[in-house]
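Those protein sequence lines, which keep their order, are chains E and Z.
Be aware that the first sequence starts at 4, since it is given in the numbering used here, and climbs by one per residue.
Be aware that the second sequence starts at 25, since it is given in the numbering used here, and climbs by one per residue.
Everything labelled a hint here was simulated from the structure, so no lab data went into it.
A hint or two may mislead.
[Unchecked claim] DSS-like mimics (lysine-lysine), calculated; alpha carbons at most 30 Å apart, straight line: (1) Z:Lys163 <-> E:Lys206; (2) E:Lys84 <-> Z:Lys163; (3) E:Lys268 <-> E:Lys168; (4) E:Lys337 <-> E:Lys84; (5) E:Lys84 <-> Z:Lys68; (6) E:Lys60 <-> E:Lys268; (7) E:Lys308 <-> E:Lys257; (8) E:Lys206 <-> E:Lys257; (9) E:Lys268 <-> E:Lys170; (10) E:Lys84 <-> E:Lys257; (11) E:Lys268 <-> E:Lys328; (12) Z:Lys68 <-> E:Lys46.
None of the values given here were measured: they were computed from a predicted structure.
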Amino acid sequence: MKKRRPDFPVLWLMVFLILVSGFYACGSREKAGEQKASSARYKVAVIPKGTTHEFWKAVQAGALKAGQELGVEIFWKGPQKEDDRSQQIQVVEDFISRRVNGIVLAPLDDRALMRPVDESMAEGIPVVIIDSNLQGDNYISFVATDNYQGGVLAARRLAEVMSGKGKIFLIRYLEGSASTTYREQGFLETVTREFPGLEILVKDQYAGTTTESAYQLVENLLSRYPQVEGIFAPNESSTFGALRALQDSGLAGKVKLVGFDSSEKLIQALRQHQLHGLVLQDPMKMGYLGVKVLVDYLEGKPVEKRVDTGVVVATPENMDQPEIKRLLEPEVKKYVR
Amino acid sequence: MKKEEHLRKLGGILGPFLGLLLVLAIFSLMPEISGRFLRLANFKNVAIQSVIVALSALGMTLIIISGGIDLSAASNLALSCVLVAYFIQAGFSPWLAALLSVLNGGLIGFLNGFLITRLKVVPFIVTLGMMGMARGIAKWVAHNQKIDAPITWLNSLMARSPRPSWLLLSPGIWLMIIMAVVVGVLLRKTVFGRHVFAVGSNEMTARLCGVRTDRVKLAVYTISGLLCGLAGLMEFSRLTVGDPTVAIGLELDIIAAVVIGGGSLSGGEGKISGTLIGVFIMAFLRNGCTMMGWPNYFQEIIIGAIIITAVALDRLRHGQE
Numbered sequence: 004m005k006k007r008r009p010d011f012p013v014l015w016l017m018v019f020l021i022l023v024s025g026f027y028a029c030g031s032r033e034k035a036g037e038q039k040a041s042s043a044r045y046k047v048a049v050i051p052k053g054t055t056h057e058f059w060k061a062v063q064a065g066a067l068k069a070g071q072e073l074g075v076e077i078f079w080k081g082p083q084k085e086d087d088r089s090q091q092i093q094v095v096e097d098f099i100s101r102r103v104n105g106i107v108l109a110p111l112d113d114r115a116l117m118r119p120v121d122e123s124m125a126e127g128i129p130v131v132i133i134d135s136n137l138q139g140d141n142y143i144s145f146v147a148t149d150n151y152q153g154g155v156l157a158a159r160r161l162a163e164v165m166s167g168k169g170k171i172f173l174i175r176y177l178e179g180s181a182s183t184t185y186r187e188q189g190f191l192e193t194v195t196r197e198f199p200g201l202e203i204l205v206k207d208q209y210a211g212t213t214t215e216s217a218y219q220l221v222e223n224l225l226s227r228y229p230q231v232e233g234i235f236a237p238n239e240s241s242t243f244g245a246l247r248a249l250q251d252s253g254l255a256g257k258v259k260l261v262g263f264d265s266s267e268k269l270i271q272a273l274r275q276h277q278l279h280g281l282v283l284q285d286p287m288k289m290g291y292l293g294v295k296v297l298v299d300y301l302e303g304k305p306v307e308k309r310v311d312t313g314v315v316v317a318t319p320e321n322m323d324q325p326e327i328k329r330l331l332e333p334e335v336k337k338y339v340r
Numbered sequence: 025m026k027k028e029e030h031l032r033k034l035g036g037i038l039g040p041f042l043g044l045l046l047v048l049a050i051f052s053l054m055p056e057i058s059g060r061f062l063r064l065a066n067f068k069n070v071a072i073q074s075v076i077v078a079l080s081a082l083g084m085t086l087i088i089i090s091g092g093i094d095l096s097a098a099s100n101l102a103l104s105c106v107l108v109a110y111f112i113q114a115g116f117s118p119w120l121a122a123l124l125s126v127l128n129g130g131l132i133g134f135l136n137g138f139l140i141t142r143l144k145v146v147p148f149i150v151t152l153g154m155m156g157m158a159r160g161i162a163k164w165v166a167h168n169q170k171i172d173a174p175i176t177w178l179n180s181l182m183a184r185s186p187r188p189s190w191l192l193l194s195p196g197i198w199l200m201i202i203m204a205v206v207v208g209v210l211l212r213k214t215v216f217g218r219h220v221f222a223v224g225s226n227e228m229t230a231r232l233c234g235v236r237t238d239r240v241k242l243a244v245y246t247i248s249g250l251l252c253g254l255a256g257l258m259e260f261s262r263l264t265v266g267d268p269t270v271a272i273g274l275e276l277d278i279i280a281a282v283v284i285g286g287g288s289l290s291g292g293e294g295k296i297s298g299t300l301i302g303v304f305i306m307a308f309l310r311n312g313c314t315m316m317g318w319p320n321y322f323q324e325i326i327i328g329a330i331i332i333t334a335v336a337l338d339r340l341r342h343g344q345e
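For reference, chain E alone in the conformation it holds in the complex (with noise of 0.2 Å):
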């Protein structure tokens, strides 16, 4: 029989220099930092829907900014892959496992993720949930925003530049979502209490995810109701979607728009006033509060159960003010790399 070589070492020692060279890399990153790790009070981690989205770069500037003023050093890690539930629940028990001083969590899914934060909770590891509600009680706060408030500020800003009257479409996004639904819901009852000038030609057909199913359907209620004059879009890819469709039948600017969250191309349309008002909300006052809700908490300072981080309408007039200018492009390089 041949001699055989052992191979196996070499596997491992692949590995091994593997994880030694990534030890190192991530050392000399966290080397600028160190003087403030070994000196941080506490250790928190924040843990977000996903990593990708510009929305979760501002939380994590926000949280990170609230982590250098406090002195604390944040674990910023979501699920591997984006809204993966069974991911973002092994994440949170890591971190009890970690025994971190207390966990910001925006939770995938206000029921999936209830057991981990009861575990968390019992386990002396203090909870604060961020951006999407949980179901029951069992967290120190709940800091978001009010978006039921989003809608009715969209409602009245759609009114106020159609001047209180005509006939308007509401976009819906998707079923099942809660904030998005709070926000059409604020929408049409502000509407329907407060301007009996607008009437509503569609207030029951949905988007869906992307920007291309919103563009459709927009078309399609476009060629169906030509004589409308105004619409509200919930969230950011069906205020492009809605903006894309009106652009393209040459109604932009004609047709009010007024579309909730921002991106380049939404702001560019703004100042183009194809777009009449955004609402925005302030994801980096959210990861902000997250921690500072959480370090009051581990103080012993009294905390208030919900905390609301606001919601203000971005129009083409107000957009240059810096306090608009800074939510429409918040200045997320600064805290983060």
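Knowing the structure of chain E, use the given hints to seat chain Z on it.
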């Protein structure tokens, strides 16, 4: 000669095992988490996180040894997870809901095997199709959302601390251990197990020797499907909701576990113990990276590198034979 053969077998399992020890050693030497990583509580935590991948990887080991592949494993798992929630919400008893969803997993597996043996289409294509179909059915059943089912005893199967405390480990972990022993015995100690190896090594020869290869394949895919159904049940227990989008891409983790553990994609090779070690290597890497607060891309790169080296090794071993 006999001794050398023995040594080679030992080497095959020793490699992955040393790898696992290495991963454990590295993380327990990290000063930030050294006191936390090597704790019984954390080991239980990682064991629970491994249950779902491990159960499906047991079936995948059988399939890979028989020379096949199952890309539909994760979709099958998601469908079963949705079905449990659906049946419970429809008022079925938890027992019945669990049984039906596991059986459905078996049915999907049986269909895979049936199409592969009857249509003579390669497993890659059949299970690729089934991957889309099972995922689609799961979304259909759940109306493109998640299903909130009332909490039942099923949801305590994967709790970190088991309900009757004399169990010591959560029922999910026991299930993983029992199923690993059952499949291990099936593979090593039965005629059926010998046949699985024979089909994977050389199907033609096996057939000429009187092995009913189609039946063996059908059984292998059905057993694997049942295990995926069981994994889906465990996923439901963990999530407490039926989520049709759960475990997207998990089939690749499952296949990776088998391959890291010494399974060969050209068939005829693979070990249950190796597969479990593969599962634990990946689970401990995830756990350790998270505890360190390392970014996700870093752990993805490490796991990717491990898979490539493991397969390169597999080729190397084959080249020498």
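Review point. Are E:Lys308 and E:Lys257 close enough, with their CA atoms no more than 30 Å apart?
Key: violated, 44 Å
**Study point:** Pairwise hint evaluation, E:Lys257 against E:Lys84, where the allowed Cα distance is 30 Å at most
**Key:** violated, 41 Å
Review point. Are the Cα atoms of Z:Lys163 and E:Lys206 separated by 30 Å or less?
Key: Holds. Z:Lys163 to E:Lys206 sits at ~25 Å (cutoff 30 Å).
Review point. Are E:Lys84 and Z:Lys68 close enough, with their CA atoms no more than 30 Å apart?
Key: holds, 23 Å
Review point. E:Lys60 and E:Lys268: Cα distance at most 30 Å?
Key: holds, 18 Å
Point to revise | Restraint status (C-alpha distance of E:Lys268 to E:Lys328 at most 30 Å) | key: Roughly 15 Å between the alpha carbons, so the hint for E:Lys268 and E:Lys328 holds.
**Study point:** Hint consistency between E:Lys268 and E:Lys170 [alpha-carbon to alpha-carbon, up to 30 Å]
**Key:** Holds, at about 26 Å.
Exercise for review: Assess, step by step, whether the Cα of E:Lys268 is no farther than 30 Å from the Cα of E:Lys168, and give holds or violated.
Suggested key: The hint holds at about 28 Å.
Review point. Between Z:Lys68 and E:Lys46, does the CA-CA distance stay at or below 30 Å?
Key: Status holds; Cα separation ~23 Å.
Exercise for review: Given the hint that E:Lys337 pairs with E:Lys84, test it: the Cα-Cα distance must not exceed 30 Å.
Suggested key: Since the Cα atoms of E:Lys337 and E:Lys84 sit roughly 26 Å apart, the hinted pair holds (cutoff 30 Å).
Check your understanding: Between E:Lys206 and E:Lys257, is the straight-line Cα distance small enough, at 30 Å or below?
Key -> Given that 30 Å is the threshold and the Cα spacing comes to 21 Å, the pair holds.
Review point. Is E:Lys84 close enough to Z:Lys163, meaning Cα to Cα at most 30 Å?
Key: Distance of about 19 Å is within 30 Å: holds.
The structure fails to meet hints 7 and 10 from the earlier list, while all remaining hints are met.
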